[in-house]
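This is what each chain is made of:
Number of protein chains: 2
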Amino acid sequence: MDPILVEVTRGDRVESAHRGAATVIDASGSVVFQAGGIDTAIFPRSAVKSLQALPLVETGAAARLGLTEAEIALACSSHNGEEAHVAAAASMLAKAGRDSSCLECGTHWPSNDAATRRLAASGGAPSALHNNCSGKHSGFVCLACDRGDDPKGYISPDHPTMRAVTAALSEMTGTVLDARNRGTDGCSIPTFAIPLRALATGFARFGTGNGMAPDRAAAAKTIRAAVAANPFMVAGTGRLDTKLMAALGARVFCKGGAEGVFCASIPELGYGIAVKCDDGAGRAAQVAGAALVERLLQSGGDSAAAVAELARPAITNWNGIRVGEMRPTAALG
Amino acid sequence: MDPILVEVTRGDRVESAHRGAATVIDASGSVVFQAGGIDTAIFPRSAVKSLQALPLVETGAAARLGLTEAEIALACSSHNGEEAHVAAAASMLAKAGRDSSCLECGTHWPSNDAATRRLAASGGAPSALHNNCSGKHSGFVCLACDRGDDPKGYISPDHPTMRAVTAALSEMTGTVLDARNRGTDGCSIPTFAIPLRALATGFARFGTGNGMAPDRAAAAKTIRAAVAANPFMVAGTGRLDTKLMAALGARVFCKGGAEGVFCASIPELGYGIAVKCDDGAGRAAQVAGAALVERLLQSGGDSAAAVAELARPAITNWNGIRVGEMRPTAALG
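Chains as they are written, first to last, in our numbering: chain A, 564 to 896; chain B, 564 to 896.
Read the hints as simulated data drawn from the structure, not as lab findings. Just so we're clear, the structure is a prediction, and the values are computed from it rather than from any experiment. Beta carbons are placed, not taken as given, at the ideal position from N, Cα and C, and that holds for glycine. Please note that a few of the clues may not be correct.
[What the hints assert, rightly or not] With the C-beta cut set under 10 Å, the calculated list includes, among others, these residues of chain A facing chain B:
1) H581
2) R582
3) A604
4) E667
5) A691
6) K715
7) T747
8) S751
9) T754
10) R802
11) A844
With the rest of the complex left out, here is chain A:
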């Protein structure tokens, strides 16, 4: 039974509570911290986009196509569909000689409500570029074109480009990824069930380069620097990943995933972090992740205040009255 990681209060009562598992692991695979079961395979969903972006950079494709740091950050993103995100995805595709017609992620209105309202007010309609995964998909298209693969069908597990992406994820997490642990993600690419222990180990490696070939270690460093310089591009207005990295810069790399997943690297400590809320609640994964980062990575001043607010967010109502809060429990250390 996983412990309660996060409580949601209203007045002086706990209104709801989120169970889950979390771990901090160093690049040698040693467990620094553990709460709950970390050997059950879970779908990391979008939390591993940075690992899936490694082939784009380590092969030299990103450099050959002239992708900017902002575009590399977008390749790791679950973005809000704000104007800058959409423009960057379109730019990536143009650099590969393609356009949005080759994206296979599906179309939805921007995740950010204000961006949706702006698009609607302008008489516009969403395209695949607004899909929160369009940066990742544009990265796949760039990789395919650079490799000389026909990008058509790149979302299939058997497409050569997707095989390269999956191989990187497999190697980073030390996990065999095949049809037995495969599901289909919201954007139609494969997602593979991987234990938190392996995910955290992969993120310890991603943050340090330890246990990685030189080209891949260099690619991880490039990706971390690109995201640290462009935290808006990995998520957007109001989002935890953007706020946490804006507050801490290159001291942390983090990425949430659907159904309550949070993964992070803390390069200066050599640690990787992985969290899964049993119930799939993103709000709780974010609080748990921020609380672990806050505890492990001492900071001061404005950064400390920003991180503290993410680890213990107030709940306010439609009149702006504070009615409760979310808070990490003692199970998080």
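Using the hints, position chain B against chain A.
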């Protein structure tokens, strides 16, 4: 430890799982079914709006003001902010000689995404009428005006109108409601922590009239008929409460509440139902509620298919591919 009530699958794996408590109780207070702990007080939030609407009807205020059935249904609603909802709230206030300026619920864009986009595309902006609680608040204003109370400050626990509303909730659930079990709801009115056992008993009474004064029993019947005739008004496009009552008509009255609450009456069986998901997940409360209704209330044909779809909804991705489902567990009987 509450059991897992609902599982969320992806491929052939359980990706997330929701624990919670649920009960079915008859109007005498006898437990017909129980899963998990039903004596812990939980905030029912919007699930008790129908009980809070009883004074509006039982005092004759609704009849004197000429409220329609659709407007009475809206007084029990957490609506989508679609055009018909907004118009009905404005009409209720006009019948009381008031307008939206006296609503104290706060303002937000419509809960329904398409309604938000229509409002944005028209160059409009939301008012308090778009707040999902505006029907309930308009009912409070109608009650206050009919009673001769100044509606100003009606959201306060100590306002005479709110005292009358709270008294009805207290009597229906047989629970003392005071500052010790009080929190503040999203729309700024008090919400009181009440055990599932008491909530389900209250809804058994609401569905049968048993244990209620004649005027209140008649008011409950009026409210149930009003909602059965206008299921769109209690929620709106795509929403579970609307779909379940559209499928089953007057055979069920149901209402969800924030943070994973579901309450229902099944008049023909004399049962009340109450569900709380520990983690606050509305998606799971809806599946659990629909599953209990499906099990208790045999139906055939299109109704059965509609209810089955609510109790076991498919999860599809942005390309329309079925990637998983939500399903009730054996803990729900």
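Hint by hint, here is what the structure shows:
1. H581: holds, 5 Å
2. R582: Status holds, d = 7 Å.
3. A604: holds, 8 Å
4. E667: holds, 7 Å
5. A691: The hint holds - A:A691 has a Cβ within 10 Å of chain B, the shortest such distance being about 9 Å.
6. K715: violated, 15 Å
7. T747: holds, 4 Å
8. S751: holds, 5 Å
9. T754: Holds: closest Cβ of chain B sits about 7 Å from A:T754, inside 10 Å.
10. R802: Check failed: Cβ of A:R802 comes no nearer than 18 Å to chain B, outside 10 Å.
11. A844: holds, 6 Å
The earlier numbered hints that this structure contradicts are 6, 10.
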